[in-house]
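Chemist: Work out the full structure: start from the sequences and follow the hints.
Here is how the chains run, residue by residue.
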Amino acid sequence: MSLLCETPHPSRRAVLMTGGALFAWAYLPRFARATDNRDPRLIVIVLRGALDGLSAVGPVGDPDYAGLHGDIALSLSGPHAALPLDGFFAVNPAMPAFARLFKANQAAVVHAAATGYRERSHFDGQDVLESGFAGPGHVATGWLNRALESLPAGDRVATLGGLAVGPSTPLVIRGAAPVLGWAPQSLPAPSGDLPARVLDLYQHRDPVLAVALQKGLDADRMALDDQMGAKAMKPRSGLDSAAGMRQAAQGAARLIAADDGPRVAALAFDGWDTHVNEGGATGRLATLLGGLDGAFEEFEKGLGERWKDTAIIAITEFGRTARINGTVGTDHGTGTVVLLAGGAIKGGRVIADWPGLKPAQLYQQRDLAPTSDVRAVLKGLLAEQFGLSAAVLGDKVFPDSGAVKPMMNLVV
Amino acid sequence: MAIPAKGSVPPDPVLVIFNRFGLGARPGDRDRMAGDPRGYLKAELRQPDIAMIAYDDPAYADLLGSTPAIQASMAAGFQRKLDRGLAKAAAQPAKAKAPAATGAASPISTAPAMPSAAVKASAPAGSPQAVPAKPTPATPPVEATLYRAEAQARFDKALRAEVGFVERLVYFWSNHFCVSVAKDNIVRASAGAFEREAIRPFVLGRFADMLMAVERHPAMLFYLDNQQSVGPDSRAGKNRQRGLNENLAREILELHTLGVGSGYTQADVTSFARIMTGWTMAGREGRLGEPGSSVFNANAHEPGDAVLLGKTYPAGGVGQAEAALNDIAIHPATAQHIATQLARHFISDDPPAAAVARLAKVFLKNSGNLRALAAALIGMPEAWSTPLAKMRSPFDYVAAIRRAGGPGPNDPGQSLNWLNALGEPLWQPPGPNGFSDQGDNWASAEGMKIRLDIAWQAAQQVKDIGNPNDMLDAVIGPSASPETRQAVSRAESKQQGLALLLMAPEFQRR
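In order, the protein sequences belong to chains A and B.
Going by the numbering used here, the first residue of the first sequence is number 1, and it counts up by one from there.
Going by the numbering used here, the first residue of the second sequence is number 1001, and it counts up by one from there.
Warning: the hint list may mix true and false statements.
Stated by the list, open to error - Facing chain B, from chain A, some residues (calculated, C-beta under 8 angstroms): (1) 122; (2) 212; (3) 220; (4) 276.
If you're looking for bench data, these hints aren't it; they were derived computationally from the structure.
Computed from a predicted model, the values in this text were never measured in an experiment.
Here a beta-carbon is modelled for each residue, glycine too, at the ideal position from N, C-alpha and C.
Modeler: Quick look at the structure:
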């Protein structure tokens, strides 16, 4: 079933603005380039459902890997050979674009990584990953939004705000800093001044809805300004399908590439919970990884000149069991991978303090043991892309995480 | 979260029954219920079969029970496989022998064991005897046909309800025990039947009975993979080298009953997964029972005693899991979990702790009697004093639009498309925790823009709007704000007036 309607796409709407634009930030003139000619961007892709890091980037050089991961283990030989990254790790063959970027030093992997969360509930794990708090139970704001909020007043990145892709805003970017919502759409646009009248009513009666609707209309207008073809925006299937991921990236890239577009963006793709017939080099997980690979590729294409300033990071709430379960899938685990791509990434590296896969080396004798903290990677990117200090990162963006030092030198 | 109502004036009780508890007023409803709004709510709880969708109703002739629905899906799947095999063989005549020796083509010689209902239902996909040379793409897959018929039945039921409180309870429990049609064809074919068979009969019954019906239903067994989970020391486990899958067991504890953080451990999850082994569905060949029906497969059940939450459940086949489920169904953590969710759904995103505690107490005192729980909910002062500040979920919003403006097209396609666009595709939640019940989630920028588009599309479809001001009185009533009243009355057309009504805060919030 497709995510959006099959109604023929109308001509894009013209939006009438009521007096006193709520979001002056969306109308600011183009900014002059900073002196170093860098204009950094950060794109966060949340993979919900827990990605099997050992099937995305296989430790093919580890003697215990093939035995544990069984029929779905990646291998350097055979008809669907994994793509070697270095002498030890190989990426799933469904990700040729990522492998190409890795060779061009524009993609990197952090392996055996996890947040500070050590239970195995998706929903709590996602809340921890996206909220940036040390434990579950915080669902009002996300770390990416708080990072925007922590930038000095008047900072260009803060002024331009964030972008949330999809029909609902991912927790990671929810919060007080302005966020633009955008999703491919295909309903007939209202005619006349209905949008302005509804906005006017909301401004008098329901400020929360006024803000939301104004942002939705702004996002639509920006997409219109970029003259995106109606056809290109219309997803053929759901946002979480391989084609949907590609299309979401395509649309988001146009908005982010614009000079007055948002500099940070969040996307969330569901469906990574592979308990049954996960597949290895081919099959269900490989199809999803192919979609993610397509998203990386679309960002590279769509960002054009701005690719060199861009860092993309794909994160997931936790990993999966090292040993396959009774149904040729994997259950909820701990350590997994973080994938980095973009012209701003100092790539060509798998960053891992490899814990090994012998029974005693596994976390609770079942999962890949985490040796890197996902928050360290995120902090490193935020520090290097936007200049946030370790103190702010450890206190406001990722509360109570002072002990987790930013992982530096991720960015060129 | 902003609270739209000014001051502490309690909301209009008629608006409370239709927005907080029901599915929105149809023209005429408000006048009928103005005398005793609480009485109408309570009256719904006294109607014995109010939640049921009856098979003998001619309006629902297209619906199938889950067993024949799954049989139809299996037959169609078998036929698709057959067609693919033949197409492949026709394309590569030289290699025709090779695939025939493997699994794909071998069942050709064996007539599938299919009861009559399934053959009848699968007729559109072509009968097994008359294998077409080419696939016939014109007929929609049987799973899609069933899904749409079930969707239509759900929309019809929403339109016919007097207030819709019990329907809202159905949606609440259906989301609590959600399955997703994105999983596979079996779930796509049976998701609607799952709601009619495992949810509707029990919404005013016992929680333990609903839990039991849900966890043994094929749609749930497939959605959370239990049909594949095999006890490692069971006969099947030893022969086939298959093993445990702890997905269902974990979500029962985390989502369906006790709730996350209530004290169970990874060892409890694994142990419960062992207890649940053998709960499965009979396959197409019918070796374990009628194809598509829920069965207990003793051969896949992990033998021996098992400990869950400190209590030992002696070996005992299907009874082992039944005993465990009956215990956790009335566990205090379950009561707390359900009470919190229910109060959050019907009262506010951050429900008052006292209200939650009272509901939990009622749940425990009545051993999970859901009618008593629903009655307690409408008996709470908070239900009538808390401002109507939550956002209507997409389904509630679409249902309220249809109730206000008329049924819309004769086909569920448009309503289903609206739900997709709003991010709440029917029976297709993003994960086993269902769709969000936090109001803010539905007030996103993109979501509000889509609501505007939908309100406009809906307003254009209504043939005879009459006077939009009268419509406002009929649907919202005297508590509509002066600004809303003015916006509707000053609209440039009747369509625009109706669209403004459908976008008004009083229509969006509940």
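Chemist: Could you run down the list of hints and mark each one as holding or not?
Modeler: How the hints compare with the structure:
1. 122: 6 angstroms, holds
2. 212: Cβ of residue 212(A) sits 4 angstroms from chain B, so the hint holds.
3. 220: 6 angstroms, holds
4. 276: 5 angstroms, holds
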